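Peer 1: Start from the sequences and build out the full structure, keeping to the hints where you can.
Letter by letter, the chains look like this.
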Amino acid sequence: MAAQLLGFKNLPFEVLQPAEFYYELLVTGRLKIDPAKRIKEPVTVQDPCNVIRRAGAAEKLRYVIKAACEDFRDMYPNREHNFCCNSGGGLAALSNWSAHKGRGNRVKAEQILRTGAKIVITPCHNCHTGIKDVINYWKLPVKTMYLDQLLVSTMVIPEELKPEEG
Amino acid sequence: MNEFAIERYLNRIIEEREQGEKEKYVSPYFPEYVREVVPDMGLDERVSQLTTEQIERVIKRVIGKQTARLKSIIETCMHCGLCSDACQWYISNDRDPTYAPVAKIRMTLGEMIKRNFKVDPEFIKFCARVVFTECNICHRCSMYCPFGLDITAIIRLVRRICFILGVVPQRQLDQAQTHITFLNQVWLSQNDYLDTLFWREEEGIYELKNLRIPIDKEGAEILWFPLGAEPKTGVDHIDRFAKIMAVAGVDWTMTSKDTWDSSNMSMFINDYFTMERIVRGLYENAKRLRVKRIVLTE
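Those protein sequence lines, which keep their order, are chains A and B.
Quick note: the first sequence, position 70, residue 65 per my numbering, numbers continuous.
Each number in my numbering corresponds to the 1-based position in the second sequence with 65 added.
Hints in this document: simulated from the structure, not taken from any laboratory.
Bear in mind that the values here come from a model prediction, so they are computed numbers and not experimental data.
Don't take each hint at face value.
Derived Cβ-Cβ restraints for the label pairs, each shown as a range [as the list claims (entries may be wrong)]:
#	chain 1	residue 1	chain 2	residue 2	range
1	A	Lys157	B	Trp264	20 to 26 angstroms
2	A	Pro72	B	Glu83	25 to 31 angstroms
3	B	Arg73	A	Arg74	26 to 32 angstroms
4	A	Val22	B	Glu268	28 to 34 angstroms
5	A	Asn5	B	Lys322	22 to 28 angstroms
6	B	Arg180	A	Asp66	52 to 58 angstroms
7	A	Arg109	B	Glu140	36 to 42 angstroms
8	B	Tyr271	A	Arg25	33 to 39 angstroms
9	A	Lys157	B	Arg73	57 to 63 angstroms
10	A	Val22	B	Glu72	38 to 44 angstroms
11	B	Asp109	A	Ala(-3)	31 to 37 angstroms
Here are the simulated DSBU-like pairs of lysine-lysine, each with C-alpha atoms no more than 30 angstroms apart in a straight line [stated by the list, open to error]:
#	chain 1	residue 1	chain 2	residue 2
12	A	Lys4	B	Lys352
13	A	Lys61	B	Lys357
14	B	Lys274	A	Lys32
15	B	Lys352	B	Lys297
16	A	Lys27	B	Lys308
17	B	Lys274	A	Lys27
18	B	Lys274	A	Lys61
19	B	Lys308	A	Lys127
20	B	Lys322	B	Lys297
Covered stretches of chain B (in silico footprint by chain A; criterion: 3 or more residues with CB under 8 angstroms from a CB of chain A, positions within the stretch not fixed) [as the list claims (entries may be wrong)]:
#	region
21	75 to 82
22	171 to 179
23	200 to 213
24	302 to 312
25	334 to 348
26	357 to 363
Don't be surprised by glycine CBs; every beta carbon is placed ideally from N, CA and C.
Peer 2: Listed below in structure tokens is the structure:
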């Protein structure tokens, strides 16, 4: 729709979310995960509204995470029924309201504690801010991680790309 | 932890946090609406300059022709409460009915229509607080509504009214104005942006051989747009994306021209003109470089 309003009949290119793109890299074998480096701690994921509810990339996101983590636990409710991180819709910018945002998301703290995960993967900058607010307010024993962080720490780096010593 | 342990743990935290008497804000229109006072320049100071006539004119301009339609949306609602149970604000705040999505639209737009657009500046401040700090436009309530009423669309209309009147939380307004001036959200000039990319490329060579951050490479497979904050405060995202691309052997590029920022703060306050400028800029960058795909940052 937006394309027609801006004077394009059809877009001459595709627009991809990172989760979809990383899924494609893994499925086509361009990027490989090192089995020895896979994350052993229990992991859960916060579903970003735009990636999941609008772009519908829930399964692709889970494919990427399951490839890189050994113990993946879904929140309940999950996928397009997951709750918002409380920083969407421009609230991420409001740092002076962070206690208000943290208190307003008790349900997310419950969801995270119920999974027993130690790492929450936040594939969105807004979700990262929101989950950080929840963690700080409710003093949760978890840390956050981006999707690219996950891939960089677990992918196979070919010998010819490693820098020379010295 | 089991259910009871979680409940006990969270109750203990909130007791610790809620100690001591705090000043409360009570809405002059709805005595049930009681909240903590959060000082915010954008909300508190701007309302003192507004007049009732100004507000009436703005509301008429935004919703004038659609009044009957919006009224019918509000009146179709059966108060079944499915949207309330879908809202994390409502569930998290002891099921306080003033947090329910339908209450949010009835208290703001419903009240404006009921009072025939004649509302005072204090009411606009209250509306701005409801729509900007208590709703994430996450679309969860619209998803569960049995009538398919688009609650979030109405919240966005109220946001537009508040934006035209200039009553927006200061940090949001600041980022939206940065988009108007620089087309990114962090007041970063083009030189600083390009310098950051060169700097990250120099540093990255020590970590991966032949790591490149190609700029303005025509006909590349992927064009990557970072978030505004990445070149300014989160350069590690640029490093990590470049590493993944180097390992996967993808032909990628970044743009050197304006609108390199994939965020759109103007969308959240419904500044239609700047929204369009940002999306057009992103598309035109992709068209100029003849790329096959755009990948946005996380």
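Peer 1: Against each hint, give a clear statement of whether it holds in the structure.
Peer 2: Hint check:
no.: 1; hint: A:Lys157 to B:Trp264: 20 to 26 angstroms; verdict: holds (22 angstroms)
no.: 2; hint: A:Pro72 to B:Glu83: 25 to 31 angstroms; verdict: holds (28 angstroms)
no.: 3; hint: B:Arg73 to A:Arg74: 26 to 32 angstroms; verdict: holds (29 angstroms)
no.: 4; hint: A:Val22 to B:Glu268: 28 to 34 angstroms; verdict: holds (31 angstroms)
no.: 5; hint: A:Asn5 to B:Lys322: 22 to 28 angstroms; verdict: holds (23 angstroms)
no.: 6; hint: B:Arg180 to A:Asp66: 52 to 58 angstroms; verdict: holds (56 angstroms)
no.: 7; hint: A:Arg109 to B:Glu140: 36 to 42 angstroms; verdict: holds (39 angstroms)
no.: 8; hint: B:Tyr271 to A:Arg25: 33 to 39 angstroms; verdict: violated (24 angstroms)
no.: 9; hint: A:Lys157 to B:Arg73: 57 to 63 angstroms; verdict: violated (50 angstroms)
no.: 10; hint: A:Val22 to B:Glu72: 38 to 44 angstroms; verdict: holds (42 angstroms)
no.: 11; hint: B:Asp109 to A:Ala(-3): 31 to 37 angstroms; verdict: holds (35 angstroms)
no.: 12; hint: A:Lys4 to B:Lys352; verdict: holds (13 angstroms)
no.: 13; hint: A:Lys61 to B:Lys357; verdict: holds (28 angstroms)
no.: 14; hint: B:Lys274 to A:Lys32; verdict: holds (21 angstroms)
no.: 15; hint: B:Lys352 to B:Lys297; verdict: holds (26 angstroms)
no.: 16; hint: A:Lys27 to B:Lys308; verdict: holds (13 angstroms)
no.: 17; hint: B:Lys274 to A:Lys27; verdict: holds (18 angstroms)
no.: 18; hint: B:Lys274 to A:Lys61; verdict: holds (29 angstroms)
no.: 19; hint: B:Lys308 to A:Lys127; verdict: holds (26 angstroms)
no.: 20; hint: B:Lys322 to B:Lys297; verdict: holds (17 angstroms)
no.: 21; hint: 75 to 82; verdict: holds (count 4)
no.: 22; hint: 171 to 179; verdict: violated (count 0)
no.: 23; hint: 200 to 213; verdict: holds (count 7)
no.: 24; hint: 302 to 312; verdict: holds (count 7)
no.: 25; hint: 334 to 348; verdict: holds (count 5)
no.: 26; hint: 357 to 363; verdict: holds (count 7)
Consistency note: the structure conflicts with the earlier hints numbered 8, 9 and 22.
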